[in-house]
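Chemist: First to last, the sequence lines map onto chains A and B.
The C-terminal position of the first sequence is numbered 326 in the working numbering, with every residue numbered one higher than the one before it.
The C-terminal position of the second sequence is numbered 151 in the working numbering, with every residue numbered one higher than the one before it.
Errors might be hidden in some of the hints.
[What the hints assert, rightly or not] For the chain A half of the interface with chain B, some residues (derived, Cβ under 10 Å), not all of them:
#1 Val27
#2 Arg41
#3 Gly45
#4 Arg50
#5 Leu308
Keep in mind that the hints were calculated from the coordinates and are not lab data.
Ideal placement from N, C-alpha and C gives every residue a C-beta, glycine not left out.
Letter by letter, the chains look like this.
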Amino acid sequence: MKTINNIIELVGWEAIKLLIGLIGVLVVVVVNALVLTLAERKVSGHMQRRIGPKEVGPCGMLQPIADTIKLIAKELLTPQNVERPLYFLAPVIVFIPVMVSFVVIPFDAYLQVKDINVGILVILAFSSLSVLSILLAGWGSNNKYSLIGSVRSVAQNIAYEIPLLLALLAVVLMTNSLSLRDIVESQKGLWYIVSQPIAFLVFFIAGVAETNRTPFDLPEAESELVAGFHTEYSGMRFALFFLAEYTNIFIICAITTTFFLGGYHGPILPGFVWFFGKTYLLVFVILWFRWTFPRVRFDQLLNFSWKLLIPVSLLNLIVTGGILKL
Amino acid sequence: MALTNPVAIVKGAVSLIIGLGVTIKAFFSPVVTVQYPRVELKISPRFRGHTKLVADKDNPDKTSCIVCGMCEKNCPSGAIVKVVGEKKEGEKKKTLTSYILDFTTCSQCGICVEICPVDALAFSAEYNRAVFTREGCHFDLVKEFEKRKIH
């Protein structure tokens, strides 16, 4: 006990808290990826009236663990003539912004690694970094499909980050704060999905595009680009991209919950149950989208953002500002 | 341009919601696949598997085959390789001892089943037999009949 106190005095309470928080975040990231890989296959199965994986463990519950072991055991193949430093760096970089975004998300009233007063800016700034890693992966792979995939991804992410930000700005205008905790606290009475339905829709659509999910999955487009930017990756490197993709889905859904669905607010049950419940409901909606909507064409994708989402979200912002001023 | 036409946007949005309705209905509908090695479908009674010997109505331990050889003679592909019987002591008719069906050439045409004067042949419902050699496809129907009797 004494030594623990000494250590706390030495490094400071804040650093210890951050460390514990980071470990917690890592656990959430890994568990979320395991749950989502299984959920994706199960949901896809039932939407096609099959039952999905069922052999490993009861009802196939241990399937993601078996998949993980397989991925870890696989050989890390490096193709010839790849741009070596970039090729190795890309899967590492893809994972960092994902981890940082978790730090500011309030899972419960007192369950947040660090409440930064520009929280949402941190998330948006770091999530746009993941585009960089996709570009590095596509460029470094020395493969035409990878390059096409990553170029598409960059164009798409730049186009959809604008409506994403504008939609959130309307909420920020209403709360006068960029801190996620303040935003959740201000939704105690009324969730912003009621007062800002257009911002919610725009944000969710842009979020789906941002995570490269169907119907906006052009960077991966398995039927035309093999697997897009991660065609040349195998084993654990591929698993990192996979992990980042699923964590991105979780983050987008968590931000939507925080901004529009009242975060951890809810009757009877503890806050984090509400938070995760709402988040996974949104995750289910994203999976549901995947098995319903076909992929859009690239010109449709960009037109949709520049000609519809951005004007609508700008208009929404102006109207919100006007009403608040009155 | 569809994106500047509000009517088209509303129509498109409605169609998207209808699409979501279709998939969620499928999500909650019962599963239609059969988990094959664990569960098997019931085979239709008129399914044509390879032929099998039928038990005699009066004496279920024995086949009603009288070893007339009609099936062997009438088989268009020569798939019935040999039908052998012997006359046991104290019995009027011959008893079948070996009936080899070469399933590699059999086309399940059913002439043997049709022509059998005592209706000793029928189609089995077996569809998932696997063999490793060509000779594995030479089924001895008498042995199979004996095996079925035990079960």
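Chemist: Next step is simple, just say for each hint if it's right about the structure.
Modeler: Hint-by-hint comparison with the structure:
no., hint, verdict
1, Val27, "violated (30 Å)"
2, Arg41, "violated (13 Å)"
3, Gly45, "holds (8 Å)"
4, Arg50, "holds (5 Å)"
5, Leu308, "holds (5 Å)"
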